[in-house]
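Trainee: Sequence:
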Amino acid sequence: EDLEENFPGIKERICDETGQVRRFVNIYVNDEDIRFLQRENTPLQDRDRVSIIPAIAGG
Numbered sequence: 000e001d002l003e004e005n006f007p008g009i010k011e012r013i014c015d016e017t018g019q020v021r022r023f024v025n026i027y028v029n030d031e032d033i034r035f036l037q038r039e040n041t042p043l044q045d046r047d048r049v050s051i052i053p054a055i056a057g058g
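Here the sequence shown is numbered in our numbering, starting from 0 and rising by one per residue.
Hints were generated in silico from the structure; no laboratory data involved. Some hints here could point you the wrong way.
Here are the computed lysine to aspartate or glutamate pairs in the EDC-like style, where the Cα-Cα straight-line distance is at most 20 angstroms [as the list claims (entries may be wrong)]: (1) Lys10 to Glu0; (2) Lys10 to Glu39; (3) Lys10 to Asp32.
Turn these sequences into a full structure, and let the hints steer you where they fit.
Mentor: Below you can see the structure in the form of structure tokens.
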């Protein structure tokens with residue numbers, strides 16, 4: 000919610016209509032993939048580093 004307030008429109012790029020992180024977006028907290036933590040419910044601390052990386056495919 001805070002991210003959307005600071006960067007309007009980012010939520011629709013990262014999340015689908017159900018609020019789940021889109022499958023082509025990878026989110027890391029301190030280099031740990033949130034899919035192996037608590038997904039969107041992963042708690043954050045003040046000094047945590049969050050990385051949002053779009054997956055890129057090509058051929």
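Trainee: All hints are to be evaluated individually against the structure, with a verdict given for each.
Mentor: Do the hints match the structure? See the list:
no. : hint           : result
1   : Lys10 to Glu0  : holds (8 angstroms)
2   : Lys10 to Glu39 : holds (12 angstroms)
3   : Lys10 to Asp32 : holds (18 angstroms)
Going through the hint list in order, the structure satisfies each hint without exception.
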